[in-house]
Amino acid sequence: RVRPLQAVNPVDQRPRGDLRALEAGYASRRREVIEAQRARMRAVHALRLAMGLELGEAADWEPSDDFPAPALPPMAPVQLAERALSVRRDIQAAEATVRSGSAVERGADHNTLPKLDLAVSVGYSGATDRDGVGRYFDALGRNVGGVTATGGVNLEVPLDNSEARGLSQQASAQRLLAETARADLARNLRTNVIAAYDDLRAEVESLAAAKQAEAAYTQALEDERAKLRAGLSTVLDSVLTEELLTDATRSRIGTELALAQALARLRLELGTLPSSEPNAAHALLGVLDAGVIDGQ
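Residues 11 to 306 (the working numbering) are what the sequence shown spells out, left to right.
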């Protein structure tokens with residue numbers, strides 16, 4: 011007997027095809043979760059080493075608040091650069107080096123002039139005819155011959171004076187070198203501040219776009235789930251939409267990290283990072299707030 015062929019309903023076969031894709035997606039996401047957990051444990055171990063903790067001491071932590079809403083600094087990039095020039099200690103050290111070089115140059119230039127020495131001495135003289143120790147004290151009150159004074163003038167006019175002129179030229183070269191180093195440091199500082207400001211501005215705009223994409227995919231996933239309950243969509247469509255949402259969330263987190271790094275770089279160029287332990291806690295409270303530049 012020949013059995014008649016039974017019609018295959020595509021709807022009955024769709025869940026089986028969806029299952030393969032679901033299994034593959036689950037395995038891929040599980041591997042990413044394992045990689046993320048390993049990266050987190052590496053960071054915890056690195057934090058423990060940096061804090062000087064032993065292996066048994068806890069160094070784990072959890073964030074206590076959300077990522078703050080970033081904003082650009084209220085000052086223009088050029089104003090920020092000029093402010094950095096006034097507070098950066100390396101610029102101040104370069105200024106001190108220039109002043110020191112100028113003083114050395116003035117001294118070396120003065121040594122090229124003719125030398126005039128004036129020597130003057132004042133004393134008194136007395137006379138005694140007796141021997142013994144007492145005659146040295148008798149001169150203090152008796153037999154004083156009078157006040158004596160001597161003087162002399164010594165004028166030195168070298169014919170060539172090449173050594174002094176060489177030292178003067180060397181001091182002048184050192185002063186020019188210090189001024190060049192100061193100018194180059196200031197030029198690099200201005201460029202770095204403006205570049206860091208541009209990076210921060212780009213990251214702020216990128217974060218806004220990433221948050222918008224995450225919100226859109228969140229709404230899209232809710233729509234797909236509603237369509238699935240109504241029989242107008244499939245599980246695979248919901249899973250693919252959720253995967254897009256996961257990618258958008260990861261992109262948003264990565265953008266937040268890039269923004270924090272850009273802000274830290276700008277604060278570094280401005281010389282406003284905490285330089286001592288008592289000020290570190292207060293300054294780090296606002297490290298993600300781009301509107302706070304000086305940590306005040």
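Think of the hints as simulated: they come from the structure by calculation, not from any bench.
Be aware that a few hints might be false.
Pairwise CB distance ranges, derived in the manner of DEER restraints [unchecked claim]: (1) L187 <-> R39: 30 to 38 Å; (2) A270 <-> M51: 15 to 23 Å; (3) D119 <-> A53: 35 to 43 Å; (4) E166 <-> L187: 14 to 22 Å; (5) L187 <-> R99: 14 to 22 Å; (6) S110 <-> T256: 40 to 48 Å; (7) A218 <-> R40: 46 to 54 Å; (8) G66 <-> T256: 29 to 37 Å; (9) S243 <-> R39: 36 to 44 Å; (10) A46 <-> G241: 53 to 61 Å; (11) D100 <-> R211: 37 to 45 Å; (12) Q180 <-> D100: 20 to 28 Å; (13) E215 <-> G62: 37 to 45 Å; (14) S110 <-> E173: 42 to 50 Å.
Glycine included, C-beta positions come from ideal geometry on N, C-alpha and C.
So, going through the hints one by one against the coordinates:
1. L187 <-> R39: 30 to 38 Å: violated (59 Å)
2. A270 <-> M51: 15 to 23 Å: holds (21 Å)
3. D119 <-> A53: 35 to 43 Å: The hinted range 35 to 43 Å is violated for D119 and A53, with Cβ atoms some 59 Å apart.
4. E166 <-> L187: 14 to 22 Å: At roughly 31 Å between Cβ atoms, L187 and E166 fall outside 14 to 22 Å, so the hint is violated.
5. L187 <-> R99: 14 to 22 Å: With a Cβ separation near 20 Å, L187 and R99 satisfy 14 to 22 Å, so the hint holds.
6. S110 <-> T256: 40 to 48 Å: Violated, at about 60 Å.
7. A218 <-> R40: 46 to 54 Å: 32 Å Cβ-Cβ, so the 46 to 54 Å window is violated.
8. G66 <-> T256: 29 to 37 Å: Given a distance of about 36 Å, which is inside 29 to 37 Å, the answer is holds.
9. S243 <-> R39: 36 to 44 Å: At 21 Å between Cβs, range violated.
10. A46 <-> G241: 53 to 61 Å: Given a distance of about 36 Å, which is not inside 53 to 61 Å, the answer is violated.
11. D100 <-> R211: 37 to 45 Å: Given about 25 Å between the Cβ atoms, the range is violated.
12. Q180 <-> D100: 20 to 28 Å: holds (25 Å)
13. E215 <-> G62: 37 to 45 Å: Cβ of E215 to Cβ of G62: about 40 Å, so the range 37 to 45 Å holds.
14. S110 <-> E173: 42 to 50 Å: Taking Cβ atoms as reference, S110 and E173 lie about 22 Å apart, which means the hint is violated.
Hint compliance for this structure: hints 1, 3, 4, 6, 7, 9, 10, 11, 14 are broken, all remaining hints hold.
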